[in-house]
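Based on these hints, arrange chain B on the given structure of chain A.
Number of protein chains: 2
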Amino acid sequence: MSYFSPSIEKLIESFEKLPSIGHKTAVRLAFHMLDLNEQETKEFIDSIINAKTNLKFCSQCYNISDSDPCPICNSPKRDSSIICVVEDVRDILAMERTHEFKGVYHVLHGSISPMNGIGPEDIKIKELLTRLQENDIKEIIIATNPRVEGEATAIYLSKIIKPLGIKVTRIAHGIPVGGDLEYTDEVTLTRALEGRREL
Amino acid sequence: MSYFSPSIEKLIESFEKLPSIGHKTAVRLAFHMLDLNEQETKEFIDSIINAKTNLKFCSQCYNISDSDPCPICNSPKRDSSIICVVEDVRDILAMERTHEFKGVYHVLHGSISPMNGIGPEDIKIKELLTRLQENDIKEIIIATNPRVEGEATAIYLSKIIKPLGIKVTRIAHGIPVGGDLEYTDEVTLTRALEGRREL
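Protein chains in written order, with this note's numbering: chain A, -18 to 180; chain B, -18 to 180.
Extracted from the complex, chain A is given alone in its bound form (with noise of 0.2 angstroms):
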């Protein structure tokens, strides 16, 4: 049984299909748009409908972005002879929070992953290889996710990019900083072993 009106019930269940909330905070945040006057009622909804229209793919990196070329590829500060290549446009907002890559980037939208029937043609990697031809690139740096996929995805971008005489590296795999050598697992312990430098 509904304890609620429908229209409260329907804004709960709008929140409920959200990510990362459950049916508490649903009511939360439904009770919450109640309480909110016009005015940040219709600021909340055109954040979200000028998000809709405004946001487009960047046509060079994949990037999301209000405008084409993004920010990034369209920054002079930035070495556009250097691709790092990410699976996702959230990855480059922790790639940026380094402060430590200069270059460009390349979003795939995703990773190889048979299991899942996605292959090669179903990601950004015919777009990556064209980007590849058409301008001077002297390192792809593969930064997809140290899992099966973004393995998978690694090698097979690496195997097809080398014979085109551009580096190919990977970003390495170790312990985390701050993390703790009892508990790191043996696969992720054996990748730091193998990376390891001279000091």
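Check each hint, because a few of them may be wrong.
Treat identical chains as interchangeable: a pair holds within one or across any two.
Here are the simulated BS3-like pairs of lysine-lysine, each with C-alpha atoms no more than 27 angstroms apart in a straight line [said to hold, decoys possible]: (1) Lys107 <-> Lys5; (2) Lys83 <-> Lys(-9); (3) Lys37 <-> Lys5; (4) Lys83 <-> Lys5; (5) Lys23 <-> Lys(-9); (6) Lys58 <-> Lys(-9); (7) Lys83 <-> Lys143; (8) Lys83 <-> Lys119; (9) Lys107 <-> Lys23.
The set of hints was computed from the structure by calculation and includes no laboratory data. Just so you know, these numbers come straight off a predicted model, no measurement behind them.
For chain B alone, coordinates are given in the frame of chain A:
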């Protein structure tokens, strides 16, 4: 420095303004919104607009409802001679979940709080008194929250309603079911002692 495009930033900010949503969840929700198709986006926005447009206060109990009177006030199965007084619309939900209460409600929309400048005239007490005069009421159950403001409101209500010859009761305070005597605060334990019943 912002790493996202303005439209995404704005969307993330919108979600961050919601209660119990931190930055990481806001980012996740914003990107989830971008992933929704047109129909799903429309449904989400419509659920907000519909709720804001359709919902009104029940003119009897001040519950939020699509209809006036609300389904509870309108139900012939409910005993309209027993009124449970609560602070907030959400408290009705908590009471309804017990499946025990068969009377009707009155939502005060707040509690007396001199500290915050909220007096008896700022919450729906006048409306409650009008209800008591116009209807044949047998009992008022005061279910305000067991906090200073809720207690003050309960005492105030009992003082003005008792002279009308109507029975006024307060829900019991005590140790929650499943609670632990050892970890129960002394105020609750005192209340539990005071409220003891013969077995």
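(message) If the cut is 27 angstroms between Cα atoms, do Lys107 and Lys23 qualify within a copy, between copies, both or neither?
(response) neither (41 angstroms within a copy, 33 angstroms between copies)
(request) State whether the alpha carbon distance between Lys23 and Lys(-9) is at most 27 angstroms within one copy, between copies, both, or neither. (result) both (19 angstroms within a copy, 13 angstroms between copies)
(request) Since the copies are identical, ignore which copy is meant and state whether Lys83 and Lys5 lie within 27 angstroms (CA to CA) inside a copy, between copies, both or neither. (result) Only across copies: Lys83 and Lys5 sit 24 angstroms apart there, 43 angstroms inside one copy, limit 27 angstroms.
(request) At 27 angstroms max between alpha carbons, let me know whether Lys37 reaches Lys5 within a copy, between copies, both or neither. (result) Result: close only across copies, 22 angstroms inter versus 34 angstroms intra.
(request) First find the shortest C-alpha distance between Lys83 and Lys119 inside one copy, then the shortest across copies, and answer within, between, both or neither for a cut-off of 27 angstroms. (result) Within one copy only: 13 angstroms inside, 75 angstroms across.
(message) Cα distance capped at 27 angstroms. Does Lys107 pair with Lys5 within a copy, between copies, both, or neither?
(response) neither (45 angstroms within a copy, 32 angstroms between copies)
(message) With identical chains, the pair Lys83 and Lys143 could be close in the same copy or across copies; at 27 angstroms between alpha carbons, which is it: within, between, both, or neither?
(response) Answer is within; shortest intra-copy Cα gap is 22 angstroms, inter-copy 75 angstroms.
(message) As a check of your reading, is Lys83 near Lys(-9) (CA-CA no more than 27 angstroms) within one copy, between copies, both or neither?
(response) Classified as between: cross-chain Cα gap 25 angstroms, same-chain 46 angstroms, threshold 27 angstroms.
(request) Check Lys58 against Lys(-9) for me: Cα-Cα at most 27 angstroms, and say if that holds within a copy, between copies, both or neither. (result) between (48 angstroms within a copy, 25 angstroms between copies)
Hint compliance for this structure: hints 1 and 9 are broken, all remaining hints hold.
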